[in-house]
Structure formats: C-alpha cells, structure tokens
Amino acid sequence: MMQHLPILQVLLPLLAAPFAAMLRGRDVAWGIAFITTGTAFLISIALFLEQRALGTTMVYELGNWAAPIGIVYVIDAASALVLPVISGVGFIATLAARQLVAAEIDPRDHSLFYAAWLLTIAGMLGQVTTGDAFNIFVFLEISSLSAYALVAMGSGRDRRALPAAFNYLILGTVGATFYVIGLGLLYMLTGTLNLADLAERLPQVEETRAVFTAMAFIALGLFLKMALFPLHFWLVPAYAHAPSAVTALMASTATKVSVYVLIRLIFGVFGVEFPGLADAVGLAILTLGIAGAFVGTLAAIVETDLKKLFAQSSIAQLGYMAIGIGAMSATGLAAAFLHLFNHALMKGALFLAIGMIAAQAGRATMGTIQGAGKQIPITMTAILFGGLALIGVPLTAGFISKVYLVRALLEQNFWLLAGLTFISSALALAYVWKIIEAAWLQPRPAGAPELSETASQYVPAWIMVFATLGFGIYATPLVEAAFAAAHVFIPSTMGAN
Amino acid sequence: MSALLDPILGQWNYYLVIVLMMIGFYAVIARGNMVKKIVGLNIFQTSVFMLYISMGKVANGTAPILTGDPNTVYSNPLPHVLILTAIVVGVSTTAVGYALIIRIQESFGSIEDDDIIAMLDDEEETS
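For the protein sequence lines, the chains are A and B, in the order given. Going by our numbering, the first sequence opens with residue 1, and the numbers climb by one from there. Going by our numbering, the second sequence opens with residue 1001, and the numbers climb by one from there.
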C-alpha cells in the first residue's frame, strides 16, 4: 500500500470526481470532496515525511513499466515540497467552500462544481508528480479545462465571469499548445519524453537551433500559464469574477504549479549550465519578474475591488518567484520554492477571508469593508495578517522568502535588483494600508450592508494565517526543505556561484 | 538549383506546419468573433498535430502493425499515440469554449469581443 501512495494521491480525486458529479446531492458532493482532498493531503504529508527521512528520490513505475518506456511518478525533494501545498490548500479551501458555494452557486450545480473542483486538484497533483513531459501536458489540460468551467460558474452572480473564463481558455490553450510544440521539438531531437532521460540526452544536441526553439516555446508557454508579466492579462478578470472558493484555490495553487513545472523543465531538463540558458531564459525571467513586481504592485495600489487588488498583487508575487528562478542559483531557487509555499498560504488566507465578505455583500470592495473592522474584527484581522505577510513583515512567512530572495540576488552581485525588490515590497504597504485605513479608521457608512461572522466562516482563513505566522516564526524546517528542493536541480557544490 | 531547393523540399512538412500555425494563431489574436477565435485555436492545434505526425514518419516505413517479417521498416507509432491524446484534449477545449460562447450569447446578446468589452466598461462605471 505504502509504495502506491504517489499514484494514489492523483488517482483518488480523479476517481472521486465522477462520483461527486453523479450523486446529485450537494452535501454528498461536498462530503466526497472533503474526504478526498483530506486523504490526498494526508498522503502528500506522508510522502513529504518519507522523502525527507530517506533523502532520496522515490520513483513509482506505473504498471511496473520501467522508464523510459513506461511513465514514472517521481517524488523527490521538490515535488514532495509542492504536493502538500496543493492538497493542503485544496483541503482548507474545500472546508471553506461549503459556505462559499452555498452562497454563490445555484444548488443544482453544486455536484458538478465539486466534480470540476476535484478534477482541477487531481490535474495539479499529477503535474507535480509525473516524470513524463507529455504527461505534464495532459494533467495541465485536465486541471485547466476544469478551471475554465469553475471560473465560468461565477456567472450566476456576475456575468463577467463568462468572458473572463473564455479569455482564460484561449490564452491557457495557447500556452499549453506552445508547451507541446517545444516538447515535439525535444522529442524529435532526443526520441524520449521521460524528463530524466531528456536531461541525459539533451547535451548531445545542445548547440542546435532546434533546441533553443524548443526552450523558447516551452518557456513562453509556461510564462503564459504562470501569468508572468506581460502575459498576465487573463489572470485578474478570471480571479475577480470566479466564485470566491475558486479564487482562493486557484490563486494559491494554479500558477504555482506552472512555476514548479517551469523549474522542473528549465533546471531539471535543460540544466543550469546549458549553453545560452542563463543568458537568454534567465535574463528574460529576471527582467519580466522585476517588471511584474512593480506593475502588479502599482496596479494593486489603485484598485478598489479587493479580489482584483489581490489578483494584481499575485502578479507581483509571481514576479518575485520569477526573480528567484532567474537568479540561476541554488539560493535563488530555494527562495522561489519558499515564496511558492508561503504565497500559497498568504493568498489562501486572504482570498478565503475576502470570499466570506463577498459571499455576504455580493462584492468585496473598499466601500464594502469601510468601517468593517468593528463589525467583523476576526475576518478583517485575517486580511490584515495576510497583507502584512505579502509586504514581508518580520515574523510572517513572507519575510523569510524575501530574505532569501534578496540574499540570492546579493550572492550574484545583483545590487540593483535587490534594491528594486526591496522597494517594490515596501510599495505593497500602500495597498495594505489602504485596507487598514478603510476597515479601522473610517466609520461604517449609514445604510451599509450588515456583515456578520461565525466560526465556520473565519476558521479556514485563520488556519492559513496561523500557518503563515508559524512558518514565519519557526522557519528552519521549511527553509531546509526548500534548499533540499533547490539542490535537486542545482547540486550544493555549485551553490555558491 | 537542387542545392537551393533541397533543404526546402526536404522539409516541406515543417513549412506547411508553420504556415498553418501562423494562420491559426493570427485568427486567435486578430478576430473579435469568439467562434472564429475557437476556429483559429483549432487550426493552431491541428498544425501541432501535423508536426508530431509528420515527425513519426520513417522513410519507406509502413504502418506500425507487426508483419512478422524482420526486415519491415515501421513508422514511429508513439507520436500518433500522443496526438490521439492531444486530439481528445483539443476536442474538449473546443467543447468548453463553445459552451462558454453559448452562455455569453445568452447573457450579453453578442459574441463580439468589442461589444462585450464596451458593455463591461459601462458596468464598471455604474457599479
């Protein structure tokens, strides 16, 4: 049983989805989703602990077909770190979804909602686990197709969800197709799709133009999927108009998985010393990352809709992850993994708390939360902590990842970039302060809708807040895991350069 | 003459794929009509299918069905299998896309990008 865990955590949500769709009771569907995501979470924690204890790469051969003929699932330090993020956020979001979905979605659609919900989680877990490049594409499409449907389900309250979902579909498909084109070129050159095998055979063809074209197509496709500036225009409408539970799930997981796949392909297949990689892809990622950090932060400052505000801030945070990747060093990669992990927690907390407000008031804007600090103090405090973590205030998890990011940049003598990273992080204070001012320093306007909070509404968000604070105060195990993940791709002997 | 033409004629399948790819991609980007966007997306994806299928062809190779003759040259079946999966993905994407278009037509009364953007801007101002 234990050795089948890598496939089980993908298979469970995949198999549970049709059951959730067929059993047309909304509590049953939610129960299935809750149990399945909970089990997947436990499995991914077990895998993480096992991998940490063994310290090696665990390979699961599907149907006992060895690589490169068969497809393998790979649990190494990197995938073991990302899996609990996805299934954990998925589990907490499912916990919160019961209320959010009841408030926002037509009861007849609930079972279909949870089916798509489970499929998107299964697709993301699959992308992280699989060791086959084409398999990544299939799981990418499983998670994306169900995500398009989930975003469109926001149309019951807000018809703008429909064009948002359509644009997301077009750009998402273009991104995935780019990835497949690049993969086709790599297959043509090497005759293999297994990631480890590809990495072994690519050096023989490293000076060909086809390999650079493949690298460009793969990187571009994944940039689109991870919403790296300037390919981020699908993200803000999709997050803003999707049902609140979907926003919380996607903001914390969907783009992160693409970041992970990018790391896996760029470092795991091409390798950091691949000729031209650091100059071309690395420089592009660094430049776009810092540009995204500023554009996202500045756009967030002028935004008044809270979902859009934090979606813009996601663009900025993805920019920081990109900077970590673009630094092309072990520390940079560890910082990217740390920020991937921490940002999932912060954004999960923020969007779950905002979702509870949006579910009651219809929309969550600066006007909605004006003076709300006294009416719903516990929810607003969760938003406050989430915002502080986004800035990178000490004692929050956001601080840890920013410290390692700046350290990675200083190691490479990127002084300007380190300064810009610091400035853009400080700018985030502007939009967080805007929320503090509206919620606590302004009176509740007369005639504003009555907001309330119960334990079942704020507990999911607070679980995430406690995790953010916990990993901020006691960060050592997480930092160690992140460096172990980084060393999968860049051996520690090369860590200093 | 042949030195000039050979690289082109010898790789004509790739040129065809690139032309098709660009036609599809142009339609996705330049067309405002959502149905036409989906059609463009299909052409774009089909060009990728052809890229894969044509790379699986082995000179003088036959269909990859065992003949029993050890001298038979087979085409590479793996790209075919991959593309079978990709076709399924493409069909699903098209289905979801058209389903969304129907819902957009129902609630906006138009499937033109420009009309919808104008309507959304109006809503943004009033809300």
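I should point out that these hints are in silico values taken from the structure, not numbers from a laboratory. Just so it is clear, CB atoms sit at the ideal spot from N, CA and C, and this is done for glycine as well. Be aware that a few hints might be false.
Computed beta-carbon distance windows for the label pairs [to be verified]:
{"#": "1", "chain 1": "A", "residue 1": "L416", "chain 2": "B", "residue 2": "I1029", "range": "33 to 41 Å"}
{"#": "2", "chain 1": "B", "residue 1": "V1019", "chain 2": "A", "residue 2": "P203", "range": "50 to 58 Å"}
{"#": "3", "chain 1": "B", "residue 1": "V1081", "chain 2": "A", "residue 2": "F233", "range": "48 to 56 Å"}
{"#": "4", "chain 1": "B", "residue 1": "L1009", "chain 2": "A", "residue 2": "Q3", "range": "51 to 59 Å"}
{"#": "5", "chain 1": "B", "residue 1": "E1106", "chain 2": "A", "residue 2": "P230", "range": "50 to 58 Å"}
Violated hints - listed by number, lowest first: Violated hints (numbers, rising): 2, 3 and 5; every other hint is consistent with the structure.
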